[in-house]
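Asks: Assemble the whole structure, with the sequences as input and the hints as a guide.
Each chain, letter by letter, is given below.
There are 2 protein chains.
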Amino acid sequence: MGNTKLGSQSFCPDSPPVIVGYGCAAGGKEAEGPLGARFDHISQDDTFGESSWEKAESRMQDLALKAALGRAGLASDGLDLLLAGDLLNQCIGSSFAARTAAVPYLGLYGACSTMGESLALASLLLGAGYGRHAAAVTSSHFCSAERQYRTPLEYGCQRTPTAQWTATASGAVVLGREGHGPRVTCVTIGIVRDKGIQDANNMGAAMAPAAYDTLRAHFADTGRSPDYYDLIVTGDLGYLGHRIVTDFFARDGVRMDHYDDCGLILFDRERQDVHCGASGCGCSASVLTAHLLPGMEKGLWRRILFCPTGALLSPTSTMQGESIPGICHAVALEGGS
Amino acid sequence: MGNTKLGSQSFCPDSPPVIVGYGCAAGGKEAEGPLGARFDHISQDDTFGESSWEKAESRMQDLALKAALGRAGLASDGLDLLLAGDLLNQCIGSSFAARTAAVPYLGLYGACSTMGESLALASLLLGAGYGRHAAAVTSSHFCSAERQYRTPLEYGCQRTPTAQWTATASGAVVLGREGHGPRVTCVTIGIVRDKGIQDANNMGAAMAPAAYDTLRAHFADTGRSPDYYDLIVTGDLGYLGHRIVTDFFARDGVRMDHYDDCGLILFDRERQDVHCGASGCGCSASVLTAHLLPGMEKGLWRRILFCPTGALLSPTSTMQGESIPGICHAVALEGGS
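Here the protein sequences come in this chain order: A and B.
Under this note's numbering, think of the first position of the first sequence as 1224, with each following residue one higher.
Under this note's numbering, think of the first position of the second sequence as 1224, with each following residue one higher.
A few of these clues could be false.
No farther apart than 20 angstroms at their CA atoms in a straight line, the calculated lysine to any residue pairs in the SDA-like style are these [what the hints assert, rightly or not]:
hint	chain 1	residue 1	chain 2	residue 2
1	A	1228	B	1301
2	A	1228	B	1300
3	A	1228	B	1237
4	B	1521	B	1453
5	B	1418	A	1323
6	B	1228	A	1325
7	A	1521	A	1294
8	B	1418	B	1466
9	B	1228	A	1298
10	B	1228	A	1239
Simulated from the structure, these hints should not be mistaken for laboratory data.
Replies: Take a look at the structure:
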C-alpha cells in the first residue's frame, strides 16, 4: 500500500523496519534500581571516566550506540543515518557523540520525548527505503540537568513531592530494513499541548494531556483499542502524570489495563527516594533498551505501544512566566521472531 | 526507482516534493540590508510586539509560517507535519510557536544548519508518501542569541574581526506532494566534522570543513559537478568561511564559479558593520525565502544547491575547552514552473 499517513497524526512505513540492536549505559543510582542488572555499561560515580558531566553524557551515548551496533553485528560506519538528541543546551551531548560516530547525522530536540521522536523518524525514513541501517540515540545526566535546569548540586536543595529524578542514562536502538526482532509498524507524531501548568517541578502533570491526546489519536487513526497492545508505556510522566492519563481515559469509559510509565519502572520509587519517579531523555531510552526490548525478545510482550513524553520548556521560558508545552510521540513495536 | 540512498550521504525521494509556499519575517537591521524590500514582515524594533526577545522569536516563526501557508493557499491545519528548530536553549522559539500551529511537530537541533535539516527531512518524508503537506521553519534573534551565547547587549562588547552578526529573522517553507514550484530532488545529510577550531568568534572557519565535506560528498554521490547548479550557496560561513571553502576546492582543482554564501547576502557587510557577515538559523532561512526562492520563481536560477551550515557548540562546551563540531546539509532545488 506504500508509505502512508493514517488519520490525523499517524504514519506507517510500507516495509516496517526491524529493531536489530539495542544498547544502554547508566549511572550508579540507576544500577541500584530494578533494571540495574540489565545495563550494558554502568559508571558507579556517573563520570564514565570523563572530566565533566556533559562529556560523560556524550560518552554514555557512545557506549550505548556501540553496544547496539554490537548486538546488530554492525560496524559504526555501517549506519546510513544517526538521529539523536538530548536535554543539554544546544544538544551537545549528542553532537559531540556524533563527532565520534562519523556518520550522516540529524540532531533532534524533543526533550524527554526524544527516544520516541528519533525512533519514529528513523523508522519512517528507513521504512521508506532511505538506507539500510539507522540509529536512534538519546541521553540525560542527573548532574548536568540539575545544574542547567535547577540549582547547583552543592546547594542540596529540597525537592517538591511532584518532582522527578533525571535519569543518568543513555539508550541506543539500531534499526535495519531486514533482520530479526520487533518491527516498528506505525508511529503517531504528537501535537504540542499546553494546558497552562507553570510549575517546572510538576512536569508529569504538564505532559499528561499531550500523552492522552497522542494515545487517543493513535487509537482513532489506527482503529486499534488499548487491548490491541500487551503493554502501553508512556514516559516519563511519573506517578502523578500516569494517574492523570489513567483518569482521563476512565472519564472516557476506556480501560487501560496494561498501562505503565517509564518514570515508574527505572527506579524503586519508595526505596530510592525519587518522589514522583524518573525523568530525562535517558529514562524512556534506558527502559526501552534494558527492559522492553529484552522483554519482547523473551516473549513477555508481543505488541508494545511506546510513548515517550517531553516538556518543551526552558529555564528562560519559566522565568518569563510561560506555561509548559508538552508533547508525546507513540511508536508501535510489534512481533519479533 | 523508489526512495533511495545514493552513495555515502545522499538521499533522493521517489516523488520529489514541491515548494508550494515560503514566507519570512525579519528585524530592523535586516530590513536595511539588500533583501529588506522582500520580507513579508518587518519589526523595526525587533520585538514583533512581544515582551521578550525569546517571545519575539516565536512570533517571527508564527508570522513566517502564516505567510508561507498563505502563498501555498493552505490553512494551518492543512499541514501533516511541522519540522522546526532554533538556537535558543531547549529550542523554545520553535516549540512555543508549534503550540500555536497545533499540528504534528518534530523538533530539530542543527544550529544554523536547521533550515537545511528541516527542509531535507520534510522533503524525504513527504516525497516518500507520508502526508500531503509539510512545513520547515527556523529562526534566530540577535538579542536572544547575544545574551545566551555571548554577553548582555548592555555591555556593548567589542567584536572580533572574524565575528558574524546573528540575524533577527525567520523563514518558513511549505512543501507539497503536488503543485507548482521548485522541487527538492536530492539531499545530502552532513557528517559532524571538527578540525580543532576553538574560537567561538570564528565559526566560519569551524564550519567550513563540514561544508567542503558535504559538497564533495554531494558531487561524488550524485555524479554532478558544481557546474550542474546555477548557484551553490552555503550558509552562514561568512567572508572567511566562504574563502576557506573556495580555497579547499581550488586545491582539488575544482572551480566553484557560481558559489555564494548566505552570510554574505543578508547584510551589506561594509555599510552595516557586520564584520565577517551574517549568521544564525534565520540567516540561511531568510536568504532562502526572501532571495533564492523568489529568484527561482523569476527564472534567475533553475538549479540551486542550498547548503546551510551549523556550529554545534554551546557556551558550556567552549568553557570546558572543547573545539567546535560543524555540520552542513545540502538540499538540491530544481526546476519550477
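Asks: Taking each numbered hint in turn, which are not upheld by the structure, reported in ascending numerical order?
Replies: Violated hints: none at all, because every hint is consistent with the structure.
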